[in-house]
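Hey, can you work out the whole structure from these sequences and the hints?
Below, each chain spelled out in residue letters.
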Amino acid sequence: MSTKVITVRDVSKTFGRVHAVCDLSFEVEEATCFGFLGPNGAGKTTMMKMLYAKCRRDENCDGTISVFGFDPRAHQLEIKYLSGVVPQDNNLDEELNVVQNLTIYSKFYDMPSVRTNKRIDSLLDFLELADKRESKIRELSGGMKRRLLIARALINNPRLLILDEPTTGLDPQVRRLIWDKLGQLKKDGTTILLTTHYMEEAFQICDKLLIMHKGRKIMQGTPRNLLSENTEAYVLELPRIEYIKIRDSYLLNHTRLEESGETARLFSDDMDTLKAVSDLLKVGCFHLRQSNLEDVFLKATGRRLNDRQ
Amino acid sequence: MTGSNTKLYPPLHKRLYSVWYRHVRVYAKYLLSNALPPFLEPLIFLAAIGLGLGKYITKSMEGMRYIEYLGTGLLATTAMFTAAYECSFGTFIRLERQKVYNGMLAAPITANNLIIGEIIWAGTKGFFYAFSVAVVLVAFGIVHLPYCLGAPLVGFATGVMFGALSLLVTSFVKTINHFSFYFTGFISPMFFFSGVFFPVSSLPRFLQPVVELMPLTHSVRLVRAVCTNNYRPQLAADLLYVVVFMVVVSFFAAKRLRTRLVN
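Chains as they are written, first to last, in the numbering used here: chain A, 1 to 309; chain B, 1 to 263.
Just so you know, the hints here were simulated from the structure itself, not pulled from any lab data.
As a list, the in silico DSSO-like pairs of lysine-lysine whose alpha-carbon atoms are at most 27 Å apart:
#, chain 1, residue 1, chain 2, residue 2
1, A, 132, B, 29
2, A, 136, B, 29
3, B, 14, B, 255
In structure tokens form, the structure reads like this:
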């Protein structure tokens with residue numbers, strides 16, 4: 001049986017009258033990648049902060065949290081020592097250069113300086129920042145800063161890496177580089193917990209996914225299962241006005257319709273049906289594709305903005 | 001699995017040291033621009049007194065020449081100002097704008113460790129600033145070795161007092177502009193009325209107890225006693241005030257600021 005690194009049961013967190021997290025439960029196995037998916041304000045960041053005691057769970061709930069067997073309420077230092085955290089916003093020390101930013105963090109873990117220097121060299125190589133050793137922080141691009149934040153989180157060889165939207169705002173090359181690196185870390189036995197808005201990212205790198213909405217778990221499973229259990233295999237996207245022209249066709253009897261704004265989507269497990277529908281349409285005004293995690297996500301969390309986004 | 005009895009994480013003194021080290025490294029990065037003013041400021045001040053104002057003040061104050069009286073007072077005020085700025089504007093920017101603390105709190109240090117490390121850093125700056133002023137005073141023959149070597153220690157205590165007090169103020173502050181109330185309403189009056197420029201005894205009688213409540217008054221008395229090697233029994237009260245103030249205010253600062261760091 002595989003080891004559970006994180007076990008969370010019935011945990012809630014309230015800020016004033018806002019229920020940021022409600023009765024959330026999940027488990028993360030060692031050397032896997034677990035992803036939180038959800039719109040802004042779903043409670044993903046709050047849940048992650050509760051794991052390393054940056055945020056305290058509600059006192060009056062019977063919820064329990066265990067990370068490496070430790071409860072963050074009483075043993076935050078043990079958990080923090082074994083974990084690395086990559087925050088959502090850049091909080092590097094602008095006054096210092098790349099190496100100095102890492103050195104400062106090595107002190108927090110009381111690493112001997114010989115080990116620190118070796119570790120910094122290998123981390124800069126690993127994240128492809130070796131030629132930026134002496135650069136000032138403001139000379140780095142957004143992607144370099146994010147890679148440095150990851151290097152900083154890895155300074156003490158954490159067994160658990162927590163990342164809050166690690167690739168938000170980055171270009172596709174850097175995003176893929178980060179996915180690769182996370183994959184390597186996982187192979188080496190690091191457990192990874194991350195939040196993301198990117199469905200592709202979730203699909204590519206997460207072994208398990210938990211979709212959150214308004215502080216609650218909506219669904220959970222492997223990306224593939226979430227896809228196959230919650231949506232049809234194919235989707236035909238077309239403008240609503242085109243849909244209105246063909247909506248009486250008998251072909252549509254075996255499809256499921258979702259409408260949002262000016263777009264209509266027809267879902268079906270049968271590609272041929274959707275192809276037949278598309279033959280009724282003008283060339284170029286529709287898009288026939290495999291359904292993806294985004295379709296599941298939008299189905300689960302609604303297509304409209306909610307008051308927390 | 002990992003829940004053994006041996007401690008994984010660094011001991012308390014190493015954790016406090018790591019916070020302190022972070023501040024030292026950031027401060028030392030711009031050593032020239034950061035370390036020159038503490039030497040220049042007293043020079044300018046003493047020049048103004050020595051070349052100008054001093055000529056008009058011929059009376060001795062509490063048995064000291066005016067330049068000696070004022071110079072020793074500066075040892076305490078310089079520590080007050082540097083600690084007050086560091087733990088108000090400095091802390092607020094680290095907290096709200098740079099989010100430095102968010103990063104540090106992901107490492108194995110608690111919010112309390114971080115706050116106490118911050119206060120020790122304020123004390124260190126107080127030490128360094130008082131030392132700089134002492135160097136200038138010695139160079140001009142205003143105070144004498146070796147007694148003035150004790151002045152940085154009073155500077156440290158002053159830095160801790162005002163570091164803790166400023167953190168307490170910061171815990172209430174919602175926007176950085178609120179600090180003007182603290183500086184104009186509290187720090188500046190203290191600068192002028194705590195026995196730095198003229199003896200407390202020359203103030204109206206009803207004001208004197210108020211001035212005795214102010215932390216700077218006690219720092220100034222202590223630092224003058226150290227520099228002149230003139231210890232009166234009443235100094236025990238000043239020392240007691242400083243110790244109690246450091247402990248009590250640090251406690252409340254940590255208690256309040258903690259809720260802002262961990263929510």
